[in-house]
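Engineer: Fit chain L to the supplied structure of chain X, relying on the hints for placement.
Chains as they are written, first to last, in the numbering used here: chain X, 14 to 270; chain L, 183 to 449.
Do not take every clue at face value.
Said to hold, decoys possible - Where chain L lies over chain X, by a calculated footprint (3+ residues, C-beta under 8 Å):
1. 47-54
2. 153-165
3. 186-194
4. 204-215
Hints were generated in silico from the structure; no laboratory data involved. All C-beta atoms, glycine included, are put in the ideal place defined by N, C-alpha and C.
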Amino acid sequence: MRLYIKYFAIQFRSVMEYKASFFLTTIGQFFISFNIFLGIYFMFQRFPIVEGFTYSEVLLCFGMTLLEFSLAECFARGFDMFSIMIKKGEFDRIMVRPRNEIFQVLGNYIEFTRLGRIIQALIMFAYGIAANNITWDLGKIITVLFMLVGGTVLFSGIFLIYASLCFFTTEGLEFMNVLTYGAREYGKYPVSIYGKRMLQFCTFIVPYSLVQYYPLLNLLDRGKPYYSLLPLLACLFLIPCYLLWRMGVKHYTSCGS
Amino acid sequence: MRKYLVFFRLRFSMGLQYRAAALAGIVTQFAWGAMEIALFRAFYHTDPGSFPMTFSAVSAYVWMQQAFLALFMAWMMENEIFDDIVNGNIAYELCRPIDIYNMWFSRSLANRLSKAVLRCMPILIFAAFLPAPYGLIPPVDFISFFFFLLTLVTGLSVTVAFCMLVYIVSFFTISPAGIRMVAVSMVDFFSGAVIPLPFFPEHIKHILELLPFASMQNVPLRIYSGDLSGPAMWKAVLLQLLWLLILVLMGKVLNFLAMKRIRIQGG
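Chain X with its partners taken away, still in its complex shape (with noise of 0.2 Å):
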């Protein structure tokens, strides 16, 4: 943990070298996804209400999303530029120290641009739970908690497939992109309207709905009780995640330099 504060302290530091540069990134972070948020306001203005859900429950479904995929991206950056570190031979440098290979590829690149749109889910996310009327109890708060973890994590695990992919092909892949940048654009919506059959997909195979259409029920007051916990299920995915990453590492073969 002292060693990843102190990749974090350097990494701050080489990004603060070109301010300018950050601060235009992380405007540029906020308005990309800034245009999903509008893409949704414009929506709502044509049709009050989508398979049960209003306006404000969406936005406090898409800031919630926003907020575990922004976290996921700012930490687990790395596994994304995974296939140029595979390609430029520099993971072989990471083979031969004596520290564990994921935590050193984490902390190799860490985003701070980022920050714009952790700012921006925060915003979407207070308004939320304004619009909303929720009445905080305990029970809530640990909700919110477990999703947050559980989203991050899940997020993260599919940054590792993604990266552990690299291995075999050098390249990454294309497809990886529907279960990384898709679920954030499409996690917009609570994952139900998409249908029953997308429901059981992300219940099942890839547990998106359990870090967010469960649990927010929950949050609305018309959940199970239980749907609280999922959350914590949903870290169960890490597992055959690292597996793989291991059975990556088993295999790979430098490319030079």
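Structural biologist: Relative to chain X, chain L alone:
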């Protein structure tokens, strides 16, 4: 003129090399299209009366958008050009007896076209076999199909002309990242890539339809699905040509200014 045709041909055949990447892209785009349609279906279920287009027109719009993604997406800019400007390699290009605007223009056109050619057919064919409201409908009539092809080309040219402005502006700003990000998100939103323009509230829609961004993917995709026809279509076609002219002229003037004060950054 012949020089630029050669540039075009060269880039086009270069782009056709990346078949595996295209296959991965097709699968991805199919998934995005399916999600997009599922999303609109949910809104349609809630209130069919508030829907500004017919549902099959929306499906056609989405599939066409996915099939011709490479033609219109502003974020598919050419990193090589930005790299050349930042690291000073641009000096070599400037030594050649060619006009840099025309060269980049033909090169971008070719790049986008080759990507689209590789990707569009499987998506279009697959979408055509989907059941009624979710699939790709055949064109309404021959005339609208003809105008679809015509506006597809002008729409592509408008997109490229806009991207040219971003390339040239980065001569002045040195670091292109910021301007690029802002331009890309503007195009994304105003051109109807996030939600189709008919879904905007009326008064906003009227303003958006006059902007150059509406002349990109909005016009051909809506003509194909029959959402844009008659006098409205004629107006859109003329507006497209007008914007193409304005953007190219702006690009040429900016390019001229940039060439006068250019400083090469090492290299």
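Engineer: Tell me the numbers of any earlier hints that the structure contravenes, in ascending order.
Structural biologist: 2
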